[in-house]
Amino acid sequence: MSSSRLHIIVIGGGIGGLCLAQGLKAADVSVTVYERNPSTVWPEGYRIHINPVGSQALHACLPSVLWEAFVASAGEPPAGLGFLTDQLEELLVIAEAFMLKRTGQTFDAHYPVSRMALRHLLLAGLSDVICFEKTFERYEQTPDGKVTAFFADGTQARGDVLVAADGANSKVRQQYLPQAPRVETGAVGVGGRLLLTEQARTWLPRELQTRMNLIMPLDPYCLFAAPFDRTHTSAEARSLVHERAKAAGLDPNLLVDTTQDYLLWGFFTHQQEYPAEMKRLDEQGRLAVVGQMMEKWHPDLRRLVAEADPGSISLNPLKTSTLIAPWESTNVTLLGDAIHNMPPVGGLGGNMALRDAYVLVQALTAAQSGTMPLLSAIGAYEAEMRTSGFAAVRAAMGYMQQAITRNRIARLGSRVWFWFCRALPACKQMVEDRWAEPMRYE
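Be aware that the sequence shown starts at 1, since it is given in the numbering used here, and climbs by one per residue.
I should point out that these hints are in silico values taken from the structure, not numbers from a laboratory. Hints are not guaranteed to be accurate.
Calculated lysine-lysine pairs in the DSS-like style (CA-CA distance at most 27 Å, straight line) [said to hold, decoys possible]: (1) Lys279 - Lys25; (2) Lys146 - Lys319; (3) Lys319 - Lys279; (4) Lys319 - Lys171; (5) Lys246 - Lys428; (6) Lys296 - Lys279; (7) Lys146 - Lys171.
Derived CB-CB ranges, DEER-like [what the hints assert, rightly or not]: (8) Gly311 - Pro205: 16 to 26 Å; (9) Ala95 - Leu218: 25 to 35 Å; (10) Thr142 - Pro181: 24 to 34 Å.
The C-beta atom is built at its ideal place from N, Cα and C for all residues, glycine as well.
The task is simple: from the sequences and hints, build the whole structure.
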């Protein structure tokens with residue numbers, strides 16, 4: 001089959017869009033990314049957990065020097081996932097090994113990483129293919145098989161394929177798939193972070209400092225906590241970051257996360273459980289509400305919320321994408337949150353965006369080489385993306401619904417089941433597989 005060089009338009013320069021651009025550039029597929037934010041302004045946000053789904057995609061799309069810089073700059077991986085009662089009684093622990101394929105490869109691992117450092121890594125080498133301060137407005141598909149993107153500043157971009165990587169509120173999706181809205185889940189999260197100062201480490205239980213934990217009371221609430229800890233970063237490790245960054249042509253200071261180590265926490269429950277004025281309260285008011293709801297919890301759990309950094313407190317109504325019937329593939333497609341947005345429980349969203357990027361790179365590379373017709377390649381990608389992406393949506397929704405169910409008997413039953421699983425390895429394996437499966441790349 002004959003081949004001709006494609007040009008890909010990517011709307012959105014988040015981690016999915018940038019990973020896609022890295023992979024396409026490495027495959028000699030022409031690409032331009034259009035990002036609405038200025039190059040010098042980017043919200044720092046929390047650090048992000050890259051699980052094996054995301055790490056395998058990054059490993060495949062990044063040049064080896066960037067991958068090595070990524071590994072060197074990441075934080076301490078979590079020592080598994082624990083399920084605890086609100087009195088810090090251990091119900092069950094999924095060891096880190098059960099979340100991996102245990103190949104021993106660096107891409108089969110979890111990597112807590114600074115969002116800013118990850119962004120700098122993903123931007124490396126893309127200065128000639130990214131345009132900042134470009135707010136997408138609409139697109140038009142033309143009879144010659146091309147697609148044109150129109151931007152708020154009056155400029156246009158023309159290409160063979162347009163990829164929506166513009167996040168949960170995707171303008172591309174709203175035009176292309178108006179039948180696929182995001183919907184309210186009825187759950188609301190309050191998030192914050194406790195700085196892991198020397199003083200905080202003296203009273204915070206070790207299991208909360210070393211692994212991810214889901215705290216499950218008998219009331220319809222849950223608390224998720226995950227440490228982002230750089231204390232392992234010795235002078236030798238920092239030297240390695242500098243060495244790998246310089247090898248990749250990057251400023252080492254951009255990859256060294258100088259923010260204070262912290263414990264990220266998220267308190268989740270039904271919207272109706274909060275007072276009506278919750279949205280109008282300031283950060284201290286929201287902390288006070290959560291503190292009241294945790295009044296009977298273990299003192300250390302109450303303290304990690306009460307002593308949170310006030311500037312880190314956020315209120316987040318949780319939404320999710322809706323699964324729709326497969327659509328006829330065209331030269332417009334989507335990845336990540338633009339099509340399969342999900343609640344943050346489980347930390348799957350960003351990793352699925354990276355997976356989408358990798359699968360789409362393979363599809364577009366096959367189309368450019370002539371191995372597959374373009375629309376067939378996009379159709380194959382979309383079939384895989386719908387299967388894996390909405391499986392992650394279902395998993396995240398299932399985690400959330402189980403965590404905040406109002407059925408007290410079911411909540412008590414979960415505790416009994418976890419205790420039972422501790423005694424029977426086969427049952428424990430079932431639980432481990434259910435929670436770990438979305439974190440594996442098959």
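Against the structure, the hints come out as follows:
1. At most 27 Å may separate the alpha-carbon atoms for a hinted pair to count; Lys279 and Lys25 exceed this at roughly 44 Å.
2. Restraint check for Lys146 and Lys319: the C-alpha separation of about 33 Å exceeds 27 Å, so the hint is violated.
3. Between Lys319 and Lys279, the direct Cα distance comes to roughly 16 Å. Compliance with the 27 Å bound is thereby established for this hinted pair.
4. For the hint pairing Lys319 with Lys171, the CA-to-CA distance comes to about 17 Å; that is within 27 Å, so the pair holds.
5. For the given pair, Lys246 sits about 45 Å from Lys428 by alpha-carbon distance, which is inconsistent with the 27 Å threshold.
6. For the proposed pair Lys296 and Lys279, the alpha carbon gap of about 24 Å is at most 27 Å, so the pair holds.
7. Taken as a hint, the Lys146 and Lys171 pair is honoured in the structure, with Cα atoms around 19 Å apart against an allowance of 27 Å.
8. For Gly311 and Pro205, the Cβ-Cβ distance of about 25 Å falls inside the hinted range of 16 to 26 Å, so the restraint holds.
9. At about 26 Å, the beta-carbon gap between Ala95 and Leu218 stays in the expected band of 25 to 35 Å.
10. Take Thr142 and Pro181: their Cβ atoms lie about 27 Å apart, and the range 24 to 34 Å holds.
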